[in-house]
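Colleague: Chains as they are written, first to last, in our numbering: chain A, 1 to 519; chain B, 1 to 519.
For the record, the hints were derived by calculation from the structure and aren't laboratory data. Be careful, since some hints might not be right.
Footprint (simulated), chain B over chain A, 3 or more residues, beta carbon under 8 angstroms [what the hints assert, rightly or not]:
#, segment
1, 8 to 18
2, 326 to 340
3, 399 to 409
Quick list of the computed label-pair ranges, beta carbon to beta carbon [said to hold, decoys possible]:
#, chain 1, residue 1, chain 2, residue 2, range
4, A, Leu328, B, Pro285, 30 to 40 angstroms
5, B, Ala355, A, Gln31, 45 to 55 angstroms
6, A, Glu350, B, Ser148, 52 to 62 angstroms
7, A, Pro353, B, Ser148, 40 to 50 angstroms
8, A, Asp197, B, Gln243, 22 to 32 angstroms
9, A, Ala237, B, Pro371, 27 to 37 angstroms
10, A, Leu295, B, Gln243, 39 to 49 angstroms
11, B, Ala355, A, Ala146, 24 to 34 angstroms
12, A, Leu328, B, Arg270, 28 to 38 angstroms
13, A, Gly417, B, Gly47, 47 to 57 angstroms
14, B, Ala355, A, His318, 20 to 30 angstroms
Remember, it's a predicted structure, so these values are computed and weren't measured experimentally. By construction, the Cβ of each residue, glycine as well, lies at the ideal position given by its N, Cα and C atoms.
Okay, here's what each chain looks like letter by letter:
There are 2 protein chains.
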Amino acid sequence: MSLGHAVRRAVQINRHGAALRLEGGDVSWGQFEERVARLAGAMQGLGIRAGDRVAILALNSHRYLEFFFGAAWLGAVFVPINIRLADEEIEHWLGDSGSSLLFVDAAFADRIPPLRPRLPALAHIVYLDDGAVPHGFTAYEPWLAAASGTADVGRTGDDLAALFYTGGTTGRSKGVMLTQRNLAANAYNVIPELGFDRATHWLHAGPMFHIADGVATFAITMVGGTHSFVPRFDPVAVMKAVQEQGVTHTLMVPTMINLLVNHPDLGSYRLGGLRSVLYGASPMPAAVITKALELLPACRFTQAYGQTEASPVLTLLHHEDHQVAGPLAHRLAAAGQSVLGVEIAILDPEDQPVALGEVGEICARGENVMPGYWNQPEQTAAALRSGWLHTGDGGRMDADGYVYVVDRVKDMIVTGGENVYSAEVENALYRHPAVAECAVVGIPHDTWGEAVHAIVRLKPGQRASSEDLLAHCKPLLANFKQPRSIDLREDPLPVSGAGKILKTELRKPFWAGRSRAVN
Amino acid sequence: MSLGHAVRRAVQINRHGAALRLEGGDVSWGQFEERVARLAGAMQGLGIRAGDRVAILALNSHRYLEFFFGAAWLGAVFVPINIRLADEEIEHWLGDSGSSLLFVDAAFADRIPPLRPRLPALAHIVYLDDGAVPHGFTAYEPWLAAASGTADVGRTGDDLAALFYTGGTTGRSKGVMLTQRNLAANAYNVIPELGFDRATHWLHAGPMFHIADGVATFAITMVGGTHSFVPRFDPVAVMKAVQEQGVTHTLMVPTMINLLVNHPDLGSYRLGGLRSVLYGASPMPAAVITKALELLPACRFTQAYGQTEASPVLTLLHHEDHQVAGPLAHRLAAAGQSVLGVEIAILDPEDQPVALGEVGEICARGENVMPGYWNQPEQTAAALRSGWLHTGDGGRMDADGYVYVVDRVKDMIVTGGENVYSAEVENALYRHPAVAECAVVGIPHDTWGEAVHAIVRLKPGQRASSEDLLAHCKPLLANFKQPRSIDLREDPLPVSGAGKILKTELRKPFWAGRSRAVN
Numbered sequence: 001m002s003l004g005h006a007v008r009r010a011v012q013i014n015r016h017g018a019a020l021r022l023e024g025g026d027v028s029w030g031q032f033e034e035r036v037a038r039l040a041g042a043m044q045g046l047g048i049r050a051g052d053r054v055a056i057l058a059l060n061s062h063r064y065l066e067f068f069f070g071a072a073w074l075g076a077v078f079v080p081i082n083i084r085l086a087d088e089e090i091e092h093w094l095g096d097s098g099s100s101l102l103f104v105d106a107a108f109a110d111r112i113p114p115l116r117p118r119l120p121a122l123a124h125i126v127y128l129d130d131g132a133v134p135h136g137f138t139a140y141e142p143w144l145a146a147a148s149g150t151a152d153v154g155r156t157g158d159d160l161a162a163l164f165y166t167g168g169t170t171g172r173s174k175g176v177m178l179t180q181r182n183l184a185a186n187a188y189n190v191i192p193e194l195g196f197d198r199a200t201h202w203l204h205a206g207p208m209f210h211i212a213d214g215v216a217t218f219a220i221t222m223v224g225g226t227h228s229f230v231p232r233f234d235p236v237a238v239m240k241a242v243q244e245q246g247v248t249h250t251l252m253v254p255t256m257i258n259l260l261v262n263h264p265d266l267g268s269y270r271l272g273g274l275r276s277v278l279y280g281a282s283p284m285p286a287a288v289i290t291k292a293l294e295l296l297p298a299c300r301f302t303q304a305y306g307q308t309e310a311s312p313v314l315t316l317l318h319h320e321d322h323q324v325a326g327p328l329a330h331r332l333a334a335a336g337q338s339v340l341g342v343e344i345a346i347l348d349p350e351d352q353p354v355a356l357g358e359v360g361e362i363c364a365r366g367e368n369v370m371p372g373y374w375n376q377p378e379q380t381a382a383a384l385r386s387g388w389l390h391t392g393d394g395g396r397m398d399a400d401g402y403v404y405v406v407d408r409v410k411d412m413i414v415t416g417g418e419n420v421y422s423a424e425v426e427n428a429l430y431r432h433p434a435v436a437e438c439a440v441v442g443i444p445h446d447t448w449g450e451a452v453h454a455i456v457r458l459k460p461g462q463r464a465s466s467e468d469l470l471a472h473c474k475p476l477l478a479n480f481k482q483p484r485s486i487d488l489r490e491d492p493l494p495v496s497g498a499g500k501i502l503k504t505e506l507r508k509p510f511w512a513g514r515s516r517a518v519n
Numbered sequence: 001m002s003l004g005h006a007v008r009r010a011v012q013i014n015r016h017g018a019a020l021r022l023e024g025g026d027v028s029w030g031q032f033e034e035r036v037a038r039l040a041g042a043m044q045g046l047g048i049r050a051g052d053r054v055a056i057l058a059l060n061s062h063r064y065l066e067f068f069f070g071a072a073w074l075g076a077v078f079v080p081i082n083i084r085l086a087d088e089e090i091e092h093w094l095g096d097s098g099s100s101l102l103f104v105d106a107a108f109a110d111r112i113p114p115l116r117p118r119l120p121a122l123a124h125i126v127y128l129d130d131g132a133v134p135h136g137f138t139a140y141e142p143w144l145a146a147a148s149g150t151a152d153v154g155r156t157g158d159d160l161a162a163l164f165y166t167g168g169t170t171g172r173s174k175g176v177m178l179t180q181r182n183l184a185a186n187a188y189n190v191i192p193e194l195g196f197d198r199a200t201h202w203l204h205a206g207p208m209f210h211i212a213d214g215v216a217t218f219a220i221t222m223v224g225g226t227h228s229f230v231p232r233f234d235p236v237a238v239m240k241a242v243q244e245q246g247v248t249h250t251l252m253v254p255t256m257i258n259l260l261v262n263h264p265d266l267g268s269y270r271l272g273g274l275r276s277v278l279y280g281a282s283p284m285p286a287a288v289i290t291k292a293l294e295l296l297p298a299c300r301f302t303q304a305y306g307q308t309e310a311s312p313v314l315t316l317l318h319h320e321d322h323q324v325a326g327p328l329a330h331r332l333a334a335a336g337q338s339v340l341g342v343e344i345a346i347l348d349p350e351d352q353p354v355a356l357g358e359v360g361e362i363c364a365r366g367e368n369v370m371p372g373y374w375n376q377p378e379q380t381a382a383a384l385r386s387g388w389l390h391t392g393d394g395g396r397m398d399a400d401g402y403v404y405v406v407d408r409v410k411d412m413i414v415t416g417g418e419n420v421y422s423a424e425v426e427n428a429l430y431r432h433p434a435v436a437e438c439a440v441v442g443i444p445h446d447t448w449g450e451a452v453h454a455i456v457r458l459k460p461g462q463r464a465s466s467e468d469l470l471a472h473c474k475p476l477l478a479n480f481k482q483p484r485s486i487d488l489r490e491d492p493l494p495v496s497g498a499g500k501i502l503k504t505e506l507r508k509p510f511w512a513g514r515s516r517a518v519n
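With these hints in hand, go ahead and build the complete structure from the sequences.
Modeller: Have a look at this one:
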């Protein structure tokens with residue numbers, strides 16, 4: 001199974017059907033294969049060989065799609081670069097991967113020349129856009145037109161296909177190695193569950209550098225469906241694409257869905273053709289899904305949970321489980337059930353399964369799991385110990401196989417040999433009517449290693465003492481999970497750009513001069 | 001990806017749902033896993049270890065399903081035996097595979113004792129049925145009840161899972177080695193195309209020893225659907241299962257469908273729940289499909305083409321392509337398009353692709369293709385040469401990727417360096433109104449190697465000379481494909497038990513004392 005195979009099968013079953021729907025007209029699967037083979041030939045002409053790394057830094061476009069399949073056709077390893085990076089991070093990704101060829105578009109072209117002196121391996125830069133070409137760059141279309149197509153070199157199975165770097169809020173980002181089989185396995189896993197077939201028309205609305213959109217890059221190709229593109233997310237562009245291009249499926253994060261369903265012009269577009277929205281990255285707020293279900297009644301919403309190391313999908317929460325009321329409404333807080341081909345286990349720190357319903361680390365097995373991190377044997381061994389991918393997320397599974405993500409493992413507190421998931425304690429505190437926001441962290445303790453400590457801000461005008469809150473928690477939590485100390489604050493807790501409470505910051509003053517196992 | 005994983009995922013997503021619907025009630029996926037683990041433990045208690053071969057000779061039942069998954073759980077290699085074999089063939093399959101354990105039911109129990117003296121490896125026989133147990137056999141249920149469950153040994157990927165022996169009308173049958181990944185890949189390939197999900201309720205109506213029914217054995221388990229069983233095909237049992245048990249999907253060969261749709265009691269059963277019938281082995285006669293579509297309007301018919309060596313599906317002809325009239329009616333003669341995950345190529349004798357629409361050998365690649373034949377390195381190398389599975393079937397592919405099977409390669413005639421597919425010549429002859437039946441074979445020729453020779457029987461009361469028939473073929477066939485001689489007979493041509501004309505017999509007198517490359 002290989003990405004080259006995916007293209008060839010799309011051609012076999014849908015040669016004259018639309019691979020790409022562009023402003024200028026459709027590109028058939030037969031034509032797409034020709035361009036992919038030509039792109040592989042053009043790269044070969046620059047001296048690129050199987051196993052070489054080739055990177056891309058660009059907004060969404062059909063050329064981005066060609067890049068993925070052209071690189072795979074030649075057996076080169078593709079490295080999609082996050083468009084939100086600082087210069088230093090771009091340099092790290094290009095340097096760490098040893099990329100010798102970079103594709104860049106007009107939006108990012110001026111970022112590269114200052115970095116080049118420190119990137120000796122980077123021999124060639126191809127400019128993806130039409131129009132004036134920056135000095136020293138090769139113009140994409142003429143270069144492609146001058147090349148001859150090559151045959152697929154036939155990389156397959158465990159051959160390395162891609163390096164997808166993880167964001168990495170702590171430490172430097174690592175290159176996740178994904179094989180041909182990993183990417184194909186993820187596609188196989190989602191195709192039946194998302195109902196992809198040759199009538200599926202996918203809009204690349206989320207960024208194509210991200211493996212979340214990669215779900216469609218490979219799966220939609222494998223079934224011979226159609227791809228459309230918007231350069232970057234914009235609610236109007238999405239609505240136009242649905243109305244005018246016939247888009248049926250797309251992926252958005254809840255924030256994007258929120259922007260879409262609250263857009264003032266929503267009512268003036270015909271959006272009945274949109275049959276499915278996949279979303280991920282965070283659970284769906286009830287208010288957003290309620291509005292979305294009301295405004296887009298023909299559309300199915302599916303939540304995906306996963307991570308780059310799993311190519312990326314681990315679980316799916318299907319449309320039927322998006323119930324805002326009734327006995328199954330709690331499932332809206334779940335990440336769903338294991339996708340076809342993935343086995344989930346909730347493991348304790350010794351990698352033994354916890355009892356059903358107990359909290360542990362969410363771990364996974366399947367052919368979609370990476371072989372490791374690029375040039376990081378220790379981190380690879382840690383992530384894949386005992387034959388399971390360790391997600392770093394704490395969670396539990398109910399008797400029906402629904403997975404609930406409760407916490408990051410690094411926010412877990414180890415006190416007197418017991419594990420306490422901070423989210424569990426926070427949930428107990430949030431049930432007190434006076435609590436506006438709270439965070440629970442582990443602080444050093446001479447006897448227990450760590451002690452459970454809570455930082456709480458009360459709602460304006462509400463009153464509650466630390467003792468009141470401790471008494472409130474008493475019947476809700478096992479003894480070892482009880483907060484040992486509570487710090488009442490008036491200022492809002494520090495948050496990240498994405499709005500998440502920064503526990504690292506909250507822990508810092510307690511750990512000055514000491515070291516915590518994970519931070 | 002492994003068969004053990006398939007069971008565990010079914011449990012994760014559908015623990016309390018019905019794995020098996022039996023006369024005595026449902027068995028849940030949670031209970032099924034327990035029985036599978038116990039069966040593995042019971043086999044382990046007999047000394048069976050990973051890699052050992054364990055065979056089964058039985059009619060369909062839920063215990064047959066347990067056998068597959070129990071063996072896989074222990075890492076043993078399962079060997080399902082054709083229930084239509086002669087004693088000598090049973091002995092060959094058991095002996096060649098070196099099976100040390102055999103499961104047998106009441107229908108076949110008396111076949112085994114006479115063979116045992118010549119099967120030194122066969123140490124244990126388990127009797128699947130309830131009631132009196134033949135001497136020297138172990139009773140299944142008490143043996144299972146006394147055992148403890150074991151953990152899945154974790155065989156996966158390229159580990160050998162099964163030996164499925166091919167029928168082999170010429171020569172001795174060979175054991176097709178299928179790995180865990182092969183069986184999983186086939187399941188992955190068909191799940192989206194056949195729409196299998198946890199609501200799918202499969203009736204094992206065709207024989208479970210055959211890999212055709214194996215499609216459902218593994219795929220239905222992977223999606224957490226439900227299995228039902230009839231001991232052997234019977235139209236009334238099938239209609240009852242649909243009406244009373246809620247069966248939604250099944251597999252039948254065209255002959256079975258014909259029996260079903262022509263059954264006098266068809267009208268007295270409620271069959272509206274039957275949503276999908278998969279069929280294979282031979283194309284669907286237009287008269288049968290017309291009647292089936294009329295009598296079962298809610299049911300989708302899908303043709304599968306493949307072979308054991310491909311675990312087994314290569315192409316599917318979907319319901320929409322079953323048109324008995326109109327411009328696409330010719331597709332009813334096709335075997336369909338390559339299934340997800342399979343690449344088809346039509347290759348010439350040098351393993352080069354022929355031009356689109358030309359006839360060559362149907363070849364395939366994909367993770368469903370066997371690693372080889374058990375202890376047959378030469379036959380393995382021949383079947384898998386150039387990295388393609390050679391099906392032995394001649395065929396062509398049209399521009400839309402539809403594959404048409406035209407001939408067995410061994411019936412291909414090589415004359416003056418040109419390949420002539422006998423079916424093409426036969427089709428031309430059949431267009432003459434006087435021809436009742438015909439067969440075209442290669443006969444020895446000193447200059448050309450082989451010459452095209454036709455054997456023809458005319459319809460009663462019709463007249464046509466050899467010269468008439470040659471003149472008829474002239475405008476229909478390229479010169480090198482024209483018959484060089486025609487033999488008019490009055491007797492019907494010799495046929496096999498399955499009704500196929502025996503070309504081997506027809507060729508024999510011409511080749512006495514000479515050798516043909518394939519026969």
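Colleague: Work down the list of hints and note, for each, if the structure agrees.
Modeller: Outcome of the hint check:
no. : hint                                       : in the structure
1   : 8 to 18                                    : holds (count 8)
2   : 326 to 340                                 : holds (count 3)
3   : 399 to 409                                 : holds (count 3)
4   : A:Leu328 with B:Pro285: 30 to 40 angstroms : violated (48 angstroms)
5   : B:Ala355 with A:Gln31: 45 to 55 angstroms  : violated (19 angstroms)
6   : A:Glu350 with B:Ser148: 52 to 62 angstroms : violated (24 angstroms)
7   : A:Pro353 with B:Ser148: 40 to 50 angstroms : violated (18 angstroms)
8   : A:Asp197 with B:Gln243: 22 to 32 angstroms : holds (31 angstroms)
9   : A:Ala237 with B:Pro371: 27 to 37 angstroms : violated (49 angstroms)
10  : A:Leu295 with B:Gln243: 39 to 49 angstroms : holds (42 angstroms)
11  : B:Ala355 with A:Ala146: 24 to 34 angstroms : holds (27 angstroms)
12  : A:Leu328 with B:Arg270: 28 to 38 angstroms : holds (31 angstroms)
13  : A:Gly417 with B:Gly47: 47 to 57 angstroms  : violated (42 angstroms)
14  : B:Ala355 with A:His318: 20 to 30 angstroms : violated (45 angstroms)
Violated hints for the displayed structure, listed by number in ascending order: 4, 5, 6, 7, 9, 13, 14.
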